[in-house]
Structure formats: structure tokens, C-alpha cells
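Single-letter residue listing:
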Amino acid sequence: MPVISVKDLSKVFGKNTKEALKLLEQGKSKEEILKQTGSTVGVNRSSFDVEEGEIFVIMGLSGSGKSTLVRLLNRLIEPTEGSVLVDGENLSTMNKEDLRRVRREKMSMVFQKFALFPHRSIMENAEFGLEIQGMDKEKRSKKARESLELVGLGEYIHQYPSQLSGGMQQRVGLARALANDPEVLLMDEAFSALDPLIRKDMQDELLDLQETMKKTIIFITHDLDEALRIGDRIALMKDGSIVQIGTPEEILVNPANDYVERFVEDVDRSKVLTAEHIMKRPETINIEKHGPRVALERMKEEGLSSIYVTDGKRNLKGYVTADDASDARKNEVRDLNQILKTDVPTVSRETSMHEIFEIIHNSPVPIAVVDEGKLVGIIVRGAVIAGLVGESEVNEDHA
Amino acid sequence: MLDFMDTIPVGPAVKSATEWIQDTFAFLFDPIKNQFGDFMDWTAEKLAELPPILVILLVAVLAFFITGKRIGLPIFSIVGLWFVYNQGLWEQLMQTFSLVLISSLLSVIIGVPFGILMSKSKTAETIITPILDFMQTMPAFVYLIPAVVFFGIGMVPGIFASLIFATPPTVRFTNLGIRQVSKELVEAADAFGTTGSQKLFKVELPMAKSTIMAGINQTVMLSLSMVVIASMIGAPGLGREVLSSLQRSQIGPGFVAGIGIVILAIIIDRFTQSLNKKQVN
Chain A
1 MPVISVKDLS KVFGKNTKEA LKLLEQGKSK EEILKQTGST VGVNRSSFDV EEGEIFVIMG
61 LSGSGKSTLV RLLNRLIEPT EGSVLVDGEN LSTMNKEDLR RVRREKMSMV FQKFALFPHR
121 SIMENAEFGL EIQGMDKEKR SKKARESLEL VGLGEYIHQY PSQLSGGMQQ RVGLARALAN
181 DPEVLLMDEA FSALDPLIRK DMQDELLDLQ ETMKKTIIFI THDLDEALRI GDRIALMKDG
241 SIVQIGTPEE ILVNPANDYV ERFVEDVDRS KVLTAEHIMK RPETINIEKH GPRVALERMK
301 EEGLSSIYVT DGKRNLKGYV TADDASDARK NEVRDLNQIL KTDVPTVSRE TSMHEIFEII
361 HNSPVPIAVV DEGKLVGIIV RGAVIAGLVG ESEVNEDHA
Chain B
1 MLDFMDTIPV GPAVKSATEW IQDTFAFLFD PIKNQFGDFM DWTAEKLAEL PPILVILLVA
61 VLAFFITGKR IGLPIFSIVG LWFVYNQGLW EQLMQTFSLV LISSLLSVII GVPFGILMSK
121 SKTAETIITP ILDFMQTMPA FVYLIPAVVF FGIGMVPGIF ASLIFATPPT VRFTNLGIRQ
181 VSKELVEAAD AFGTTGSQKL FKVELPMAKS TIMAGINQTV MLSLSMVVIA SMIGAPGLGR
241 EVLSSLQRSQ IGPGFVAGIG IVILAIIIDR FTQSLNKKQV N
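Chains as they are written, first to last, in our numbering: chain A, 1 to 399; chain B, 1 to 281.
Same shape as in the complex, but just chain A (with noise of 0.2 angstroms):
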């Protein structure tokens, strides 16, 4: 039996909801509905059913409706029509005591912006949900506890939020979800708001967790990227409704519909792209022929902070910076060897954009692009964002 149970959700915003699901059964488009009833479609006759232990993304684009959908699912807002069954009971029509119930003891929820309490330590946070049970203070302490060091968060139980960082906060946020031990685990755009970096850091925490943890997890987001990475299945929303259910793979090579297909494209792009389709001709001076004066003088032309120094037959010897070639021809240094750095970042025509963007990250200078000991190419931080927004025109000027 599933955990969730989803069948026929909608949600009218606004005053003429009657009319507004009328409308929808005929299949006017959220545009028509607004123009004829001033009702806002937020969620369109959704149906979806989440098993035990599976990690359910919910997926799509501001306003498409997702973040409505989930707080449909813990009634945080209240549907239009249709139905929501937890273990068998539904949610829509159960009475306010039930309701709680089942918040306190099924689900619990973590948020976009943390919402964490300012005015409550990290432990008093953590204990929030078993404090409203009314556990007492020593097995709320015990259990708040056990899931900050969980996530990982033991040292900081008596600091406050405003102390930690955005990844901390969020997982102070996790901790006081499972803090409560809950079937389900609703997860509302929970790493929208944390850099990239920590991001994957936190989807892979996340997946660890789940490892041992088995939760019922519905994740929202609208970043298909960290949708393929932690979901089992993925339903992908658009103006309220869902387009399409499936396991990542599904999704990606069954497309339901040309928007599935515009956002699967854009995933391949990012993954199918190499150095080769990014990098550019690069700026050299020849170790066997220049010194720093003209080192220097081509980095002032070219407006660059280092140049990467080949002999005569293009293979890669290194790089000079430009505060090097100053000092050297202060002091009258005529031979280019003598402030050649070697430690030079170097990845093939075929290594791919993920592994690029690891190592440019941690780099001072270009990427080079090597082929069989020859310098090839060059990659600068710019052009690796421009490939992954799909600008396929960046190697229009590579050689």
C-alpha cells in the first residue's frame, strides 16, 4: 500500500472556486479560468501515489505549482477538492485534532528559507516538534540530540541561528524534522537557498541518510539536475499539473511531451559537452624565443594576469604570471625558465564538464587543454558557464 495516496488534488485560489473546477473539467487552459472567474489554478487535478521508502521529486518551475502541491499533502493549505491519504486516511476531511496528529506524528517538514526559530537555541530547535507533543525535557533532549549529531551538528547545540551558516541552518532544519521520527519526510525546495557547493554536499548527506534512514521522502525543487541526483521517481509539474511520473531514466529518454524534452535537452547538454566544445585558442608566448619583457608586453595586450609558455612546437611547458615577468625584468632576468610555474591545471579534449568544473574551481589560472603533450586549448571560467547554460556558441574562435 502506498504511503501517500494522492488522487484528483486540486487547488482554487480566489472566490469563484465553483466555476473555476468546472472550467478545469473541461479542460480550459489556468489562462482561460483566470480570465473568466479571477481564480488562480494553483494545483490541477494532480493524482500520484508515493511508496514506502522511495524519494518523490516533485519538480517544476516557479509557478508551476509545486510548493502548493506539498502543502496541499500536510494541509498547510486547504484543497479545493480531491484527496489526500496517509496510511489509509484521508487527510482532506479529517477533523483539526486528527490533523494534528498526524502532523506531529507522521509528517514533518523542512523549508525552503530554514525557518528556523531566531529566538530558540539549535537544541531548543531541534526539540521544537517533541516539545509540542509534550515529551518531557530529558527524552526531548535525548532524541533532539541524537538527530543534530545525525546530521552532524553535535558541537553546536547551544549556539542560536543566526550564528551558523545557510548549510547549517538547513541542517538544523533536517534535524528537526527527524527529530520527530516521521513516516514522512516533506522536503520543500529544502536546498534552493544554499550555494552550489554546499548543495551537493547536502544532496549527498541526504542520500546517505536515506541509506539507513528509509524515510518516505517528497522532495520539491525546481533544479532538474539535483531532481535526477536524489530522486527515485520524479513528477515534473507545469501550470498546476503534473506532465509526467517517472524514474529518472524514464524521464530522460521517454519524454512525455515537448516540455518534458526542452528540459531533457538541457540536461544532455551539460553532460554531454567535453573541453573540446569549450575551450579557445590560447594566448602563448615561445619559451625558446621570448623572455618576460615580451611575456609581459603580450599579457598587457591581451589584458591577462598569466600566459601559458610552449617551445617551438607547441608543447606545453608551464605558465608565467604577469607579477612574475614585472619582477624578473626588473631585476634584469633574461631567461623565461627561471619564473616558469609547472604546476598547470591540464585535462584532455575529452574530459568532461563535471570533472572541469572541479578543477577550474581550485585553479588561478586557465584550464589547459593538452593532446599528446601539445597545448591545444585554453578554459576559462566564463566559457564553462556559458556551455552549461547552452550557449554552444562559445568555441566559434577556437583553432
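If you are wondering where the hints come from, they were derived from the structure by calculation, not from laboratory data.
Possibly wrong hints are sitting among the right ones.
[Said to hold, decoys possible] Calculated cross-link-like contacts (lysine-lysine; reagent style PhoX-like; alpha-carbon spacing at most 25 angstroms): (1) B/K199 x B/K277; (2) A/K139 x A/K280; (3) B/K199 x A/K137; (4) B/K183 x A/K15; (5) A/K280 x A/K341; (6) B/K199 x A/K139; (7) B/K202 x A/K113; (8) A/K238 x A/K7; (9) A/K18 x A/K30; (10) B/K277 x B/K69; (11) A/K96 x B/K120; (12) A/K137 x B/K277; (13) A/K113 x B/K199; (14) B/K69 x B/K122; (15) A/K96 x B/K199; (16) A/K139 x B/K120; (17) A/K143 x B/K69; (18) A/K96 x B/K122; (19) A/K30 x A/K7; (20) A/K96 x B/K202; (21) A/K113 x B/K209; (22) B/K183 x A/K113; (23) A/K15 x B/K199; (24) A/K341 x A/K313; (25) B/K69 x B/K199; (26) B/K202 x A/K142; (27) A/K289 x A/K374; (28) B/K277 x B/K209; (29) A/K28 x A/K18; (30) A/K15 x B/K120; (31) B/K199 x B/K183; (32) A/K96 x B/K69; (33) A/K238 x A/K15; (34) A/K289 x A/K341; (35) B/K199 x A/K143; (36) A/K142 x B/K120.
[Unchecked claim] Residues from chain B shown here face chain A by an in silico Cβ test under 7 angstroms; the list is partial: (37) D41; (38) E184; (39) L185; (40) E187.
The beta-carbon is built from N, C-alpha and C at its ideal position, and this holds for glycine as well.
Given the structure of chain A, go ahead and fit chain B onto it with the hints provided.
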């Protein structure tokens, strides 16, 4: 053209309504007038009986700790309060202080719950807002009239008038503070299954605390400003000194009593503000 009808008898209507209230609720007003009046007198008396040196030192020590161990306010308190004592206005100071203290306390006790009510219900907000506007814009002198009718003269009507005049900021700021609590925090509280009162006491009120305290600070200051006005209906204290100086055109004593009020105002204001700052951190 404009005289198509006689004067609408608003004044007489208010008068008869007031009389009706006075007669009907006499059973309520009389005990308030007597017992609460006794209590007020007792408070003022006890405060005045305390050795002034003890009070001054106590205020200074409290000021020292409440302002985070800074020396400015304690020194000001010692010098200021001594000056009032030196001018022979100590008893009046204590009377004024007990008036402000009691009326502010009552304002907060009445105001905060109304503020909470307003923040929770759109209807309540729609009804209460214009009443608060009315209470604040009506010239304060007008409240003295029913106050005297209901409670005679003395401290009690002073407090009654001061309540009407000084409660609105507490109500407004409580409402504002709770409404300003971020939507996501309220959602978080709901998502964890809080009851209404758990949400209120564990999330909303703590988050709104500094705003509410700002409102209370305003309330205290307003009730202090009512002290002079309330002296017109026999409320004792520094205000009465100002009033009687005014009536006799004695600039000297009037000025001294005025300074006394200013000193009291500064001390109370800094106290309530420091309390607020402390809670924010």
C-alpha cells in the same frame, strides 16, 4: 438651506447615556472607586514611606544592571532623584510614579489580549481599529468628564482617563508584532502540529516581543503625560504642583515640578527600552 432640521441632540444623548451607565453600573463603579481607590492610596503611601535613600540606591543599582553595567543611567538616576528630593517633591514623585505604574500595568493587561485578538481575527481588527483611532484622537480632557461622573475625583478617575488614552499603542503594537511574524515560521509551527495556544506562546509572542515592548514603552510614556491632565480632576502628584503653579502664575515652582516629571520620564523610558534591548539579544 442648511438649517433644514434642528440640532441633532448628540450632546444630550451622550449625557443621558452616561447617566444611565452611572445608575445601572453603580454597583460596579462604587466598589472600584472605594476599594481600588484605597489600594491606590495604600500603594502611594507605602512607596512614599520607603526611605528615599533606599529607593534612590535601588533604582541606581537596577539601572546599572539593566543597561548592561553602564554607568550613565545610574548616575543620572541618583542625581535626578536626589534633586527631586531636595526640592521637597518626593512624596509627589511617589504618587505620580504609583499612578503611572498602576495605569501602565492595567493598560498592558488589557491591551495585549486585545492586540492578540486583533491579530487573529480580521473582523476584530476591523472593529477595534477605529475605536483605537477614536480613543487616541479625542482630546484627552474629554475623558476627564465621564471619569469624574463614574469615579468621583482623585487617583481612580485619573487612572481611568489614562487607561483610555494610553492603552492603544500596546494594542496596536501587539497586533503588528504578531502579524509581522514571518509566514514561513508560522507554517513551520503549523506543520509540526501546534495548537493555537502553543503557536501563540512558543512562536508568535516570543517573536513579537520586541515590537510589543516598543508599544508598552509608548503606553508608559503616554500615561505619564496624562499625569498633568489628570491632576485637573484631583489626581495627586507632580502634575498637581504644575497645575496649581499654573493657576497662581508661579513660574518657579511650576518649572521645578515640570523638571521632576521630566526626570521621572527619562528614567522610566530608559528602563523600558533597556528591557527591550536585552530581550532582543
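These are the hints, each one checked on the structure:
1. B/K199 x B/K277: Holds, at about 24 angstroms.
2. A/K139 x A/K280: violated (62 angstroms)
3. B/K199 x A/K137: holds (19 angstroms)
4. B/K183 x A/K15: Between B/K183 and A/K15 the Cα gap is close to 22 angstroms, so the pair holds against 25 angstroms.
5. A/K280 x A/K341: holds (21 angstroms)
6. B/K199 x A/K139: Measuring from Cα to Cα gives roughly 22 angstroms; hence the hint holds.
7. B/K202 x A/K113: Between B/K202 and A/K113 the Cα gap is close to 20 angstroms, so the pair holds against 25 angstroms.
8. A/K238 x A/K7: It holds: about 18 angstroms lies between the C-alpha atoms, which stays within 25 angstroms.
9. A/K18 x A/K30: holds (15 angstroms)
10. B/K277 x B/K69: It holds: about 14 angstroms lies between the C-alpha atoms, which stays within 25 angstroms.
11. A/K96 x B/K120: Holds, at roughly 17 angstroms.
12. A/K137 x B/K277: violated (29 angstroms)
13. A/K113 x B/K199: This hinted pair holds, its Cα atoms lying about 19 angstroms apart.
14. B/K69 x B/K122: violated (44 angstroms)
15. A/K96 x B/K199: Given that 25 angstroms is the threshold and the Cα spacing comes to 15 angstroms, the pair holds.
16. A/K139 x B/K120: violated (33 angstroms)
17. A/K143 x B/K69: violated (39 angstroms)
18. A/K96 x B/K122: holds (21 angstroms)
19. A/K30 x A/K7: holds (20 angstroms)
20. A/K96 x B/K202: holds (19 angstroms)
21. A/K113 x B/K209: Holds - the C-alpha atoms of B/K209 and A/K113 are around 22 angstroms apart, at most 25 angstroms.
22. B/K183 x A/K113: Holds - the C-alpha atoms of A/K113 and B/K183 are around 11 angstroms apart, at most 25 angstroms.
23. A/K15 x B/K199: violated (28 angstroms)
24. A/K341 x A/K313: holds (19 angstroms)
25. B/K69 x B/K199: Given that 25 angstroms is the threshold and the Cα spacing comes to 35 angstroms, the pair is violated.
26. B/K202 x A/K142: holds (20 angstroms)
27. A/K289 x A/K374: holds (18 angstroms)
28. B/K277 x B/K209: holds (10 angstroms)
29. A/K28 x A/K18: Distance of about 14 angstroms is within 25 angstroms: holds.
30. A/K15 x B/K120: holds (21 angstroms)
31. B/K199 x B/K183: Between B/K199 and B/K183 the Cα gap is close to 12 angstroms, so the pair holds against 25 angstroms.
32. A/K96 x B/K69: Status violated; Cα separation ~49 angstroms.
33. A/K238 x A/K15: Holds, at about 23 angstroms.
34. A/K289 x A/K341: Given pair A/K289, A/K341 holds - Cα atoms ~18 angstroms apart, limit 25 angstroms.
35. B/K199 x A/K143: holds (22 angstroms)
36. A/K142 x B/K120: violated (35 angstroms)
37. D41: violated (41 angstroms)
38. E184: holds (4 angstroms)
39. L185: holds (5 angstroms)
40. E187: Check passed: Cβ of B/E187 comes within 6 angstroms of chain A, closer than 7 angstroms.
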